[in-house]
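Trainee: Sequence:
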Amino acid sequence: TTAKRVVGFLVDLFEEADPEQAQGREVTVREVVARGSARIQAQLVSEPMVQAQLQNTLGAISWRLGDYESATGLLEGALATLEREKGEDAALAAVLAQLGAVYADQQSFDKATRTLVRARALLEADPGSAPVDLARTLNSLGTVALREGDLGEAERLFARALELHRAATRVFCLTIVAG
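For the sequence shown, this note's numbering begins at 37 and goes up steadily by one.
Calculated from the structure, these hints are not laboratory results.
Check each hint, because a few of them may be wrong.
[To be verified] Simulated restraints, written as ranges between beta carbons of each label pair:
| # | residue 1 | residue 2 | range |
| --- | --- | --- | --- |
| 1 | Val43 | Glu160 | 42 to 50 Å |
| 2 | Ala161 | Thr37 | 34 to 42 Å |
| 3 | Arg41 | Gly109 | 15 to 23 Å |
| 4 | Gly102 | Phe145 | 14 to 22 Å |
Just so you know, even glycine gets a beta-carbon here, dropped at the ideal spot from N, CA and C.
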């Protein structure tokens, strides 16, 4: 399955940081991600869904490391593959939401807004999507509005995101209690 292939690829990738394999040299997460990016392109051409999932995962890691250029390239690659292979679905919405947040961090607010609005539309149209995913997307849209000085829109988006998070937390807590 795709999930097993993704996990296997990531385990193999991070085994390269094993002190025995690295021969005493300290390997950084950035180096592991860079190697993984190259391997995705070389080894997974015939497995586009595995490739897209790994690009999304490594893109998220790159973003959190502050490497916006790598994150953008990986996430845009995942987006192109998912659009070609699957069309509009939750996986596409997840990549769009993450890519939009990266664009926002790069101060590319027009790109961020277009990307996040598209993610929002997909999430709102899918009754099976997790409210927390929509909340994160609305939070990112709120951040863009705030950075652009639209305080009213930012407040509205943040309030809706908070409402969704609170509702999801209540459901989770009730499930545990009822458990």
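Trainee: Compare the structure with each hint and give your call.
Mentor: Going through the hints against the structure:
1. For Val43 paired with Glu160, a C-beta distance near 30 Å fails the hint of 42 to 50 Å.
2. A beta carbon spacing of about 26 Å between Ala161 and Thr37 contradicts the range 34 to 42 Å that was offered as a hint.
3. For Arg41 and Gly109, the Cβ-Cβ distance of about 21 Å falls inside the hinted range of 15 to 23 Å, so the restraint holds.
4. Checked against the hint of 14 to 22 Å, the C-beta distance between Gly102 and Phe145 comes to roughly 19 Å, which is consistent with it.
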